[in-house]
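Once you have looked at the hints, place chain B on chain A.
Protein sequences, first through last, are from chains A and B. The first sequence begins at 1 in my numbering and counts up one residue at a time. The second sequence begins at 1 in my numbering and counts up one residue at a time.
These aren't lab readings, by the way, just hints derived from the structure by calculation. Treat the hints loosely; a few may be bogus.
[Said to hold, decoys possible] Straight line, CA to CA, 27 Å or less: simulated BS3-like cross-link-like pairs of lysine-lysine:
id: 1; chain 1: A; residue 1: K2; chain 2: A; residue 2: K45
id: 2; chain 1: A; residue 1: K42; chain 2: B; residue 2: K57
id: 3; chain 1: B; residue 1: K69; chain 2: B; residue 2: K18
id: 4; chain 1: B; residue 1: K18; chain 2: B; residue 2: K71
id: 5; chain 1: A; residue 1: K45; chain 2: B; residue 2: K65
id: 6; chain 1: B; residue 1: K57; chain 2: B; residue 2: K69
id: 7; chain 1: B; residue 1: K71; chain 2: A; residue 2: K42
id: 8; chain 1: B; residue 1: K69; chain 2: B; residue 2: K17
id: 9; chain 1: A; residue 1: K42; chain 2: B; residue 2: K65
id: 10; chain 1: A; residue 1: K45; chain 2: B; residue 2: K17
id: 11; chain 1: B; residue 1: K65; chain 2: A; residue 2: K2
id: 12; chain 1: A; residue 1: K42; chain 2: B; residue 2: K18
id: 13; chain 1: B; residue 1: K71; chain 2: B; residue 2: K57
id: 14; chain 1: A; residue 1: K42; chain 2: A; residue 2: K79
id: 15; chain 1: B; residue 1: K57; chain 2: A; residue 2: K2
id: 16; chain 1: B; residue 1: K57; chain 2: B; residue 2: K17
id: 17; chain 1: A; residue 1: K2; chain 2: A; residue 2: K42
id: 18; chain 1: B; residue 1: K57; chain 2: A; residue 2: K45
Note that the coordinates shown come from a computational prediction; the quantities given were computed from them, not determined experimentally.
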Amino acid sequence: RKEVEQDPGPFNVPEGATVAFNCTYSNSASQSFFWYRQDCRKEPKLLMSVYSSGNEDGRFTAQLNRASQYISLLIRDSKLSDSATYLCVAGTGRRALTFGSGTRLQVQP
Amino acid sequence: EAQVTQNPRYLITVTGKKLTVTCSQNMNHEYMSWYRQDPGLGLRQIYYSMNVEVTDKGDVPEGYKVSRKEKRNFPLILESPSPNQTSLYFCASSFLLPDRPNEQFFGPGTRLTVL
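Only chain A is shown next, with the shape it has when bound in the complex (with noise of 0.2 Å):
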């Protein structure tokens, strides 16, 4: 079983709609939550860290559920340039971060 596991899609949504990802993880020793964004073939780059609290920046809202062990990510109002992976990450501290293998999400007009 993977540490971080994730639905890979892809999501295929028209502009405008509202898209949520669920990813699971498998370490209860796992401290620190993040997505990260991928553009095909590019570098991942840090879309947002993810608080036990929730936390929410413009169109996009993360939150955790320690007691399932699951991390979702809602996306509203997409945008064509929201199309890219999203990379669910869990770790257990700064040094050692597992990444999960991505959700394609695919905005058309």
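Positioned in the frame of chain A, the structure of chain B alone reads:
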């Protein structure tokens, strides 16, 4: 500009021919790491370093070596590359101290093909 650089960006080589992929960061980060990315497997950590002269194995270290002689550089060495090391490689760096931002910055990637 704050960045992580990798060289070369693309490399095609043959089995057994030693190669080095360089990685350099200009953000004074203590932590540096190498990952490989393969379809369906995501990013897997090869080696990491928490400071100069301090390195440790990640999840998939076999067939790789690293060194950290200077804080800014963290080269990845393949002594005898094999076709199963064909992959997309990323170098990343970040601060370690808890009072600093914990974002990992990634280099642009090196696409390696071993024939």
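So, going through the hints one by one against the coordinates:
In summary, the hint linking A/K2 to A/K45 is supported, as the alpha carbons are separated by about 22 Å, within the 27 Å threshold. Of the pairs offered as hints, the one joining A/K42 and B/K57 holds, with about 25 Å between alpha carbons and a cut-off of 27 Å not exceeded. With a C-alpha separation of about 20 Å, the suggested pairing of B/K69 with B/K18 holds against the 27 Å cut-off. This hinted pair checks out: B/K18 and B/K71 have alpha carbons roughly 24 Å apart, not beyond 27 Å.
Taken as a hint, the A/K45 and B/K65 pair is honoured in the structure, with Cα atoms around 26 Å apart against an allowance of 27 Å. Among the hinted pairs, B/K57 with B/K69 is consistent with the structure: their alpha-carbon atoms are about 17 Å apart, no more than 27 Å. The straight-line distance between the Cα atoms of B/K71 and A/K42 is roughly 25 Å, inside the 27 Å bound, and the hint therefore holds. Taken as a hint, the B/K69 and B/K17 pair is honoured in the structure, with Cα atoms around 23 Å apart against an allowance of 27 Å.
Taking the CA atoms of A/K42 and B/K65, the gap is about 24 Å. The hint holds against a cut of 27 Å. Between A/K45 and B/K17, the direct Cα distance comes to roughly 32 Å. Violation of the 27 Å bound is thereby established for this hinted pair. The hinted pair formed by B/K65 and A/K2 meets the criterion: a straight-line CA distance of about 25 Å does not exceed 27 Å. Only pairs whose Cα atoms come within 27 Å are accepted, and A/K42 paired with B/K18 is accepted, the gap being roughly 26 Å.
For the hint pairing B/K71 with B/K57, the CA-to-CA distance comes to about 18 Å; that is within 27 Å, so the pair holds. Between the alpha carbons of A/K42 and A/K79 the distance comes to roughly 19 Å, so the proposed pair stays at or under 27 Å and holds. For the given pair, B/K57 sits about 19 Å from A/K2 by alpha-carbon distance, which is consistent with the 27 Å threshold. The straight-line distance between the Cα atoms of B/K57 and B/K17 is roughly 23 Å, inside the 27 Å bound, and the hint therefore holds.
At most 27 Å may separate the alpha-carbon atoms for a hinted pair to count; A/K2 and A/K42 meet this at roughly 23 Å. For a cut-off of 27 Å, the pair hint linking B/K57 to A/K45 stands: about 23 Å separates their Cα positions.
Violated hint for the displayed structure: number 10, the only one.
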